[in-house]
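One-letter residues, chain by chain:
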Amino acid sequence: MTHHIIAVRTYLIIYFALIAFLFATVGASFLPSTAPHLLIAMTIATIKAVLIILFFMHVYYSNRLTWIVAVASLLWLTLLLAFTLADYFSRGWLDIPGK
Amino acid sequence: MSVPAVVVEDPPEDYLQEHTLKSWLLTTDHKRVGILYMISVTVFFFVGGAAATLMRLELMTPRGDVLATPDAYNRLFTMHGVIMIFFFLIPAIPAVLGNFLLPLMIGARDLAFPKLNLMSWYVYIIGGMIGIWIMVFGGVDTGWTFYTPFSTMFSNTMVVTAAVAVFITGFSSILTGLNFVVTVHTMRAPGMTWFRLPLFVWSHYATSLIMILGTPVLAISVVLIALERIFGVGIFDPALGGDPILFQHLFWFYSHPAVYIMVLPGFAVVSEIIPCFARRPIFGYKFIAFSSVAIAIFSFLVWGHHMFVSGQSMYAGMIFSILSFLVAIPSAIKVFNWTATLYKGSIRLDTPMLYALGFIGLFTMGGLTGLMLASLAIDVHVHDTYFIVAHFHYIMVGGTVMAYLGGVHFWWPKISGRMYPEFWGKLSAMLVFVGFNLTFFPQFLLGYLGMPRRYFEYRPEFQVLNVMSTAGASILAIGYVMPLVYMLLSLRKPPNAGPNPWGATGLEWQVESPPPVHNFHDPVVVTCDPYMYSPEEAERDYAHDQHVRNA
Amino acid sequence: MHTTSTSATLDDDQPLLMSHFDDLEQQHDASNLGMWFFLATEVMFFSGMLAAYAIYRSLSPEAFHLGSRHMHLWLGFANTLVLLTSSLTMALGVRASQLGRRNQVVWYLLATAVLGIAFLGVKAVEYTKEINHHLFPGKHFVVPADDAEALMKVSATPEELHLNLGRFQMMFVLYFCLTAVHAFHMIVGIVIVLIMAELMRRKWFSGHGTTQIEVLGLYWHFVDVVWVFLYPLLYLID
Amino acid sequence: MWDFPLFPEQASANAEKLDALMLFELGVLVFFTTLICVLILFFCARYRRGVRVDRSNPPTHGRLMEAIWIIIPFIISAVMFVWATQVFYDLYQPPPDAAEISVVGKQWMWYLQHPQGRSETNDLHVPLGQAVKLNMTSQDVIHSFFIPAMRIKQDVLPGRYTSLWFQPTKVGKYDIFCAEYCGTNHSIMTGYLHVMEPADYEKWLAAEGVGPSRAEEGERLFVQHHCAGCHRESQTVHAPRLEGVYGKPVPIQTDSGVRFATADDRYIRDSILLPKSEVVAGYEPLMPSYKDQISEPDLLKIIAYIKSIANRETSP
Ligand code: HEA
Ligand code: HEA
Ligand code: CUA
Ligand SMILES: [Cu+2]
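Residue numbers (our numbering), protein chains in the order written: chain A, 1 to 99; chain B, 100 to 650; chain C, 651 to 888; chain D, 889 to 1204.
If you are wondering where the hints come from, they were derived from the structure by calculation, not from laboratory data.
A hint or two may mislead.
When the alpha-carbon atoms are kept at most 27 Å apart in a straight line, the in silico DSS-like pairs for lysine-lysine are as follows [as the list claims (entries may be wrong)]:
{"no.": "1", "chain 1": "C", "residue 1": "K773", "chain 2": "C", "residue 2": "K789"}
{"no.": "2", "chain 1": "D", "residue 1": "K1061", "chain 2": "D", "residue 2": "K1091"}
{"no.": "3", "chain 1": "C", "residue 1": "K803", "chain 2": "D", "residue 2": "K1061"}
{"no.": "4", "chain 1": "D", "residue 1": "K1164", "chain 2": "D", "residue 2": "K1179"}
{"no.": "5", "chain 1": "B", "residue 1": "K592", "chain 2": "B", "residue 2": "K121"}
{"no.": "6", "chain 1": "D", "residue 1": "K1179", "chain 2": "C", "residue 2": "K803"}
{"no.": "7", "chain 1": "C", "residue 1": "K789", "chain 2": "C", "residue 2": "K803"}
{"no.": "8", "chain 1": "B", "residue 1": "K214", "chain 2": "C", "residue 2": "K853"}
{"no.": "9", "chain 1": "D", "residue 1": "K905", "chain 2": "D", "residue 2": "K1091"}
{"no.": "10", "chain 1": "D", "residue 1": "K1164", "chain 2": "C", "residue 2": "K789"}
Kindly produce the complete structure, drawing on both the sequences and the hints.
This is the structure we're talking about:
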């Protein structure tokens, strides 16, 4: 039962990085409307989430199984989104109502 | 690291010894929780079966006559579906046999979270009570699929209560799954490597993955239904900007994988019974093991095959269709491997084996009709007809219920310490097989003829086939009541089974029956692969026995 | 939790081993893994609503855009800040418990709970504002006049207009669902944090409660991660 | 009693194509089921305990065997998929000369409207050989339009259109079913498809049948054009209920104050075509103009509908 004990310094660095990214998201939302807002916002959110998961939740120091569980749960979320959206986006392809 | 000293007062020897009600209701012993589940799912099975009986009676004639109103019929099939699926079949094998056997099979003293395990039973019972409450005080008439906007805006029955019941029961299934996965990962005995696990454990592992990843989606979709009804906000109602198809996506994202929650444990049981009664190692262990996990993963990618004519895009339909074919292949692998396991065996046709062989035949048939449904054009015709009803009863009743009964007969000596009467066992297995086919085979014909499902009244030309089906159902009913009776009667005798009546391998057979409270007396170390049977040795023993008997 | 077996030595630093585990490492791993799998179910629980969000937003971007203008961007910002900070205090709490500093753990947990409550307070303020503006979906929902007009401009046919008006409400339906479910998780989290703090104070846990606090930390950070996504999705559509 | 059907009638080209595919898949089913059952019975007989046979070295795995029984099902599946998808695809390629019939499902009946103007409920008359395309929508819940003899089915959704087509090849009377569970009387939401000789069909068209009344059709249009979305369950939009409006004085917002206008045919027509001209007091001018969107005959039917609910209470 050996814990990897993370230095306070690391925690603080991550924390301030998170804050910086928070400012970045809000800032980005004021960009002119031509910018790819959704993309930027989601990229930043993902980075933030990854930082929290890796360090606050110690995944970076954990065994492979924890990695797999963490990644798999996100993968499943994507599967649900991808396949459902695939239906909605391909609906207009055929010029037949209802297909 | 030093292990702290543990002072345990001498526990009572076998797990059944304590008799107080409290000792049952507060138990954290996985074996006792398994028994609690066994009693409760049996009750629900007969409640659901009673609903089926009434439905079959109603369908004897084309006009509505047995039940007073179509609403009564609609409530019946909804309750039949909800009870059979959520309160019977999903918990049946995992929560009864899985709970009882999983720790024994991997050489653990209990599941990783014993209290959570007991809690899952209580959660299940609360859900079940709400379910019974609904039946008594009004019922639900949406079908077990809860399709919107009927369920949210039009039905004036107890949909919200039903949503709550399903939501709660879902949690019990999540807890069971969580417990199993963690147990398999962390609590295997020394030497119990992944490829020494009995296939029962592999299948339950795969089942648990689906429970963990799928059930929450069902939970949120019924929550959304409840919210939509309570606040009138139209998440799925086109009148308010919603899309009813979205509900179907969310529902089937769980409910398709859920059909594998129902059948994988059946595979688990059959994979134990077949090698034991063929007295030889199972053929293609790794293929069977991996195909379970493959099914668990790919089952999440085919849900749209329930929606081919729902108005989903044609391209999505094609993707879901081809993926459905692909997910059928791991099932094919299993069927062929089981069959190959009979080759060069020394086969005994005891009751569990009869059930297991019945399972293979009926599952094959149900599965192959599933392929017809996965074929887009055919599904257009047979969708929502009795063809579907026949398909899923072949797999769920012909398949899983058979496997469950086979498993109960197989492990009954272990669970109770007593043998059941072999003659009656065989008779009931045959009755179930015959009755089953008579009930559900005509429904394939009805379906292709075009009789839609969930019909209270139907066209007169369908009557003959319906009468056959009802006749079959009554045989089936006898076949199901019999084991209940003789199993209960067998409890009156003193334990007579001995630790290993079948001469099976597997850790659960190494301890006495019923097993001791802490499962094992000495630390377990596993040194060999599973299913180390030898047909030749079995033959020699048999010849010897015959010899002794004749002398 | 610790009645099944009694430790003879009662060594403070040594966690108790429950009778069905072989050793402490196994016990610790099981708890940790259990929480991770539980979090996987949580992800899927949110994913149903996120799927609804993704679909409706991609079908009616204007409606969602207009809806999000009614969210209180700076309140949300403040709340994100609060929540990130609470994650930091939680992480430090976990660290303290790993080092066996019980008093520190109590204080960090209290700080976490206070920040969590602050978050809920701000959320409550937002909710009141929205409800007062008739933006709570249901019978009393009113599409503000200028939004209705804006939607009229982007809709080619009456059918589309009708749809867009519905989708405008949908934005709020999803906003309330997502944030309420998130808030519910916060409430559960805060209650547990407070209970744990009290138990820590009473030295109830063996082995400094490290396993318990770690597992709690995982849950708390997860709730934080959810918010990290919700904030841009709900407040920052521009 | 014993002459009951075992196979549904074949009354369209699609039915023939589909049955061929079905027979193929049935062959696959029979083949594999028999194979498995025969093998099981054979092994059980041959290797039954006590029977003297060679049981030495039972194989425990076999790459080749596994490969065979993965690849063969795979190939068969691929054939099924391609074939079925082909038939399915054709089901969504209506010929350009198809007659378009509009179908509206409603708890628990079908409204059918022919292009020539004649409409009927639950029965559908079509001429032999003429391709027919159905444009379908629902007024309430999901229904599903199902003609077994044509082997076609399609869900009918509220708030959206779906379509279906068929070409009848045999004169006769065939079942129409609602296949999606839709509430109490789902099982009697049925009807008949009458496939007629073209000449008979012409005669039938000419005869004045008893279709739905104008007001009933008006109600259908009222839903179809989304009026009901605002005027019935006005949740997102604050719009007046139309029950009991016809013939009553209506307060109209003007710059200076409120005046009253009587809700007669003219007023209703203007409200639909030029809604901005007279805005009811207390409401936002949200109603879109339906100018050029609704044909004159339809407009009359809608007005007839609004008239027909003149005596109904305005529900809260
Ligand atoms: C335990 C439950 C269970 C299981 C395991 C399955 C397994 C399968 N199901 Fe089934 N299904 C249901 C329960 C189940 N189903 C239920 C309850 C419904 C209806 C729900 C409702 O609407 O109420 C349904 C509905 C349903 C539909 C939707 C029909 C419709 O509503 O229109 C479809 C469509 O594709 C389908 C397909 C399949 C397929 C391809 C498999 C496959 O996994 C089958 C795989 C097995 C085999 C293929 C047999 C073994 C193989 C061989 C012997 C070798 C030969 C193989 C090949 C040639 C490939 N099922
Ligand atoms: C595990 C799942 C499961 C099981 C085991 C069964 C078992 C049976 N089902 Fe089930 N069925 C479903 C799951 C299941 N069903 C589902 C999901 C649906 C779809 C619902 C929907 O459309 O929403 C369905 C629908 C369904 C229909 C279609 C209804 C319709 O669409 O209109 C029919 C019709 O025949 C039917 C019949 C039967 C029969 C005869 C049995 C038999 O096997 C039952 C045998 C058991 C008994 C006969 C019990 C014996 C005991 C007694 C008789 C004692 C009675 C006691 C008292 C009266 C006190 N079922
Ligand atoms: Cu309409 Cu069923
Ligand atoms: Cu499925």
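Hints, one by one, checked against the model:
1. K773(C) - K789(C): holds (22 Å)
2. K1061(D) - K1091(D): holds (17 Å)
3. K803(C) - K1061(D): violated (50 Å)
4. K1164(D) - K1179(D): holds (12 Å)
5. K592(B) - K121(B): Holds, at about 24 Å.
6. K1179(D) - K803(C): holds (16 Å)
7. K789(C) - K803(C): Judged against 27 Å, a Cα distance of about 25 Å means the pair holds.
8. K214(B) - K853(C): holds (23 Å)
9. K905(D) - K1091(D): violated (32 Å)
10. K1164(D) - K789(C): Between K1164(D) and K789(C) the Cα gap is close to 26 Å, so the pair holds against 27 Å.
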